[in-house]
Amino acid sequence: MKSETYMNPYLAGVLLGVLLIVTIYITGRGLGASGAIKSTTVATVQAVYPEHTDNTLFYKEYRQDHGETPLMNWLVFEVVGVLIGAFLSGLISDRLVFKLEQGPRSKTKIRIAGALAGGILWGVGSQLGRGCTSGAALSGMAVMSTGGILTMMAIFGGAYGFAYFFRRWWT
Amino acid sequence: MGPLVPDIVSTDLNFIVALIIGVFFGFILEQAGFSSSRKLVGLFYGYDFTVLRVFFTAGIVAMVGVMSLEYFGMIDMQLVYINPTFLWSALIGGLIMGLGFVVGGFCPGTSVCAAAIGKIDAMIFIGGSFLGVLFFAEGYPVLERLYKAEYLGNPRIFETLGTTQNIFAFLLVVVALVAFWFVSMIENKVNGIVRPAFRYSPYYVGLALVGLAVAVSAFLIPDRKTALLDSVRNETPVWSAPLKKMSVDELAFRLMDSDEKNLQVIDFRPRAEYDSLSLPKSTWFELNNLFEKEPNQVLSLRHKINVIVADDELTERRMALIAEKLGYRRLFILEGGFSEFQQQILDYRSPGKPVTRREVDLARFRSKAKSVLPVLIRENKSAGPVEKKQKRVVGGC
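The listed protein sequences derive, respectively, from chains B and C. Each residue of the first sequence is one higher than the one before, counting from 18 in the working numbering. Each residue of the second sequence is one higher than the one before, counting from 28 in the working numbering.
Heads up, a few of these hints could be off.
[Claimed, not checked] Using 20 Å as the maximum straight-line C-alpha spacing, the simulated EDC-like pairs for lysine to aspartate or glutamate come out as follows:
1. B:K77 / C:E165
2. C:K272 / C:D338
3. C:K418 / C:E165
4. C:K288 / C:E300
5. C:K331 / C:E287
6. C:K352 / C:D257
7. C:K272 / C:E262
8. C:K416 / B:D82
9. C:K175 / B:D82
10. C:K331 / C:E321
11. B:K77 / C:E414
12. C:K308 / C:E406
13. C:K308 / C:D276
14. C:K175 / B:E78
15. C:K308 / C:E165
16. C:K252 / C:E262
17. C:K418 / B:E118
18. C:K331 / C:E351
19. C:K418 / B:E68
20. C:K416 / C:D276
21. C:K415 / C:D34
[Unchecked claim] Covered by chain B, per the in silico footprint, the following chain C stretches (three or more residues, Cβ under 8 Å):
22. 104–114
23. 357–369
[To be verified] Partial list, derived from the structure: chain C residues whose beta carbon lies under 7 Å from chain B:
24. L31
25. G120
26. F163
27. F246
28. N316
29. F318
Please keep in mind that the hints were generated in silico from the structure rather than gathered at the bench. Just so it is clear, CB atoms sit at the ideal spot from N, CA and C, and this is done for glycine as well.
Please take these sequences and the hints and turn them into a complete structure.
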């Protein structure tokens, strides 16, 4: 298979939609991603600096909601699956290669800084928004949650609003 | 009835399910091209709208699918995670994520996909998102007020907008279809392609037809409860509907019969009345329970026959008809309603000296029932409503 051929977007969308229906039918919850990042962060802090997690409000609330073992979490398992699935897909379509991807006019340093800053923003934003594009926007849309759909509009609306300032990075 | 967790799929097995679902999720995202930051961000600069096509298609398919599951009584939406609405943190968090999208080129799910196939920028992005959570955790005392402000519960969008589920879904599908066409025009313009965005080729016509079919089916799936209540509003067909009836005497007999193990009374009277007088072998129900998973299991017990009881027979008939349409079987209604039962059995008074053999037997039976049943009722610390142990799933991120 050629490395640049991707699946038809509508077909991919239908498959993703069906997967989401199956997920909700079996588990009663949608897909997600940022929750796994959160759980992994909590687990790391717990391992490195346990006194801190005992005394800090955020970790205490996390423990109340999700229990004592942050890695025994549905989303952590799901995201491990995502890693495997994406790797298999890359393998089949011959896309496995170490590469730093950037816009045609972007500098490598800028791209690295941007990726790091973008990650930080998502880390903070997904906590505030109680989910990311998967957990809040997509799954929220599937169950028609007002909060999820608001977050979705803010994500995409915000991205369009800010896009102008970063056009040199991408075009 | 779904969700299958935690009773049909155990909590431990659910982790394996999560892993398998994740594999499909990652595979589909990668195949769709979500492992490339340039492709993802193309959405915001007009050169590549793949993300919008995949995301919007997935969203409307899943939405209509979940609506259908609910309509066909296959899922209890009371147990499904509905993202809560905290107005300000939803909006501000969303804006921060939007900024992160154009700055970082990914969102968390897609960054994991991209990292899996070796994208170095994605690995850096993931590192950043760990830091972001850490910053949030440390800044939580300051952010907590914003995080918890304007909590509106778990409203559904059609409730917020004051419309109905099917109308909102229909409109959203139409918006999606128009958006697909519109962004194709932009995409062609930005990329200097002169072909029209919609052509009368089998591919485009097929897409449009499938899209319209989804829109129409969204419109045709009304809220199940409203539709069912509407279907029993008119009294005449409700009275003439063929329903299996149980006479007050038969019910009295079966309640007193200690060998009777198959009968259960489903009591739809108001809660206060039920609490002051509840029949043996009875469970208190209200209309909503018919749509819920755990009450559903009570009503679906294979060897039981369900006698539906309410104050009057009309209510019993309505509930029985709704239950029948929801697929419940072995339903009986109590002839004359509970008021008849009260009058003829519990408060039985002989209408005069019985003459025929039949009248003698009847009088004797009813007098006996009148003395035995109150004892059974008193001893019956009845079950009350179905205990709902399962809670709404904790989901989200």
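Structure-based check of each hint:
For a cut-off of 20 Å, the pair hint linking B:K77 to C:E165 stands: about 12 Å separates their Cα positions. At roughly 15 Å between alpha-carbon atoms, C:K272 and C:D338 fall within 20 Å of each other, so this suggested pair holds. Our distance criterion of 20 Å between C-alpha atoms is broken by C:K418 and C:E165, whose separation comes to about 31 Å. At most 20 Å may separate the alpha-carbon atoms for a hinted pair to count; C:K288 and C:E300 exceed this at roughly 25 Å.
Distance restraint check for C:K331 and C:E287: the Cα-Cα separation of roughly 10 Å lies within the 20 Å cut-off, and the hinted pair is therefore satisfied. A distance of roughly 13 Å separates the Cα atoms of C:K352 and C:D257; the hinted pair therefore holds under the 20 Å criterion. For the suggested pair C:K272 and C:E262, the alpha carbons sit about 18 Å apart, so the restraint of at most 20 Å is met. For the suggested pair C:K416 and B:D82, the alpha carbons sit about 18 Å apart, so the restraint of at most 20 Å is met.
Simply put, C:K175 and B:D82 have alpha-carbon atoms about 15 Å apart, close enough for the 20 Å limit, and the pair holds. Of the pairs offered as hints, the one joining C:K331 and C:E321 holds, with about 16 Å between alpha carbons and a cut-off of 20 Å not exceeded. Between B:K77 and C:E414, the direct Cα distance comes to roughly 30 Å. Violation of the 20 Å bound is thereby established for this hinted pair. Among the hinted pairs, C:K308 with C:E406 is consistent with the structure: their alpha-carbon atoms are about 11 Å apart, no more than 20 Å.
Distance check on the hinted pair: C:K308 and C:D276 sit about 16 Å apart at the alpha-carbon level, within 20 Å; holds. With a C-alpha separation of about 13 Å, the suggested pairing of C:K175 with B:E78 holds against the 20 Å cut-off. Of the pairs offered as hints, the one joining C:K308 and C:E165 is violated, with about 56 Å between alpha carbons and a cut-off of 20 Å exceeded. This hinted pair checks out: C:K252 and C:E262 have alpha carbons roughly 18 Å apart, not beyond 20 Å.
Distance check on the hinted pair: C:K418 and B:E118 sit about 44 Å apart at the alpha-carbon level, beyond 20 Å; violated. At roughly 15 Å between alpha-carbon atoms, C:K331 and C:E351 fall within 20 Å of each other, so this suggested pair holds. Taking the CA atoms of C:K418 and B:E68, the gap is about 32 Å. The hint is violated against a cut of 20 Å. Only pairs whose Cα atoms come within 20 Å are accepted, and C:K416 paired with C:D276 is rejected, the gap being roughly 36 Å.
With a C-alpha separation of about 13 Å, the suggested pairing of C:K415 with C:D34 holds against the 20 Å cut-off. For the stretch 104–114 of chain C, the stated coverage by chain B is satisfied: 10 residues place a CB nearer than 8 Å to a CB of that chain, which reaches the threshold of 3. Evaluation of the coverage hint for the stretch 357–369 of chain C: breached, as 0 residues show C-beta separations to chain B shorter than 8 Å, against a requirement of three. For C:L31, the shortest C-beta to C-beta distance to chain B is roughly 5 Å, which falls under 7 Å, so the interface hint holds.
Using the Cβ-Cβ criterion of 7 Å, the hint placing C:G120 at the interface with chain B is satisfied: the shortest such distance is roughly 3 Å. Taken as an interface hint, C:F163 checks out: its beta carbon lies about 4 Å from the nearest beta carbon of chain B, inside 7 Å. For C:F246, the suggested interface contact is broken, since its CB lies about 15 Å from the closest CB of chain B, more than 7 Å. Proximity of C:N316 to chain B is violated relative to the hint, the smallest CB-CB distance being about 18 Å (cut-off 7 Å).
Interface hint at C:F318: violated, since its Cβ lies 15 Å from the closest Cβ of chain B, which is beyond the 7 Å cut-off.
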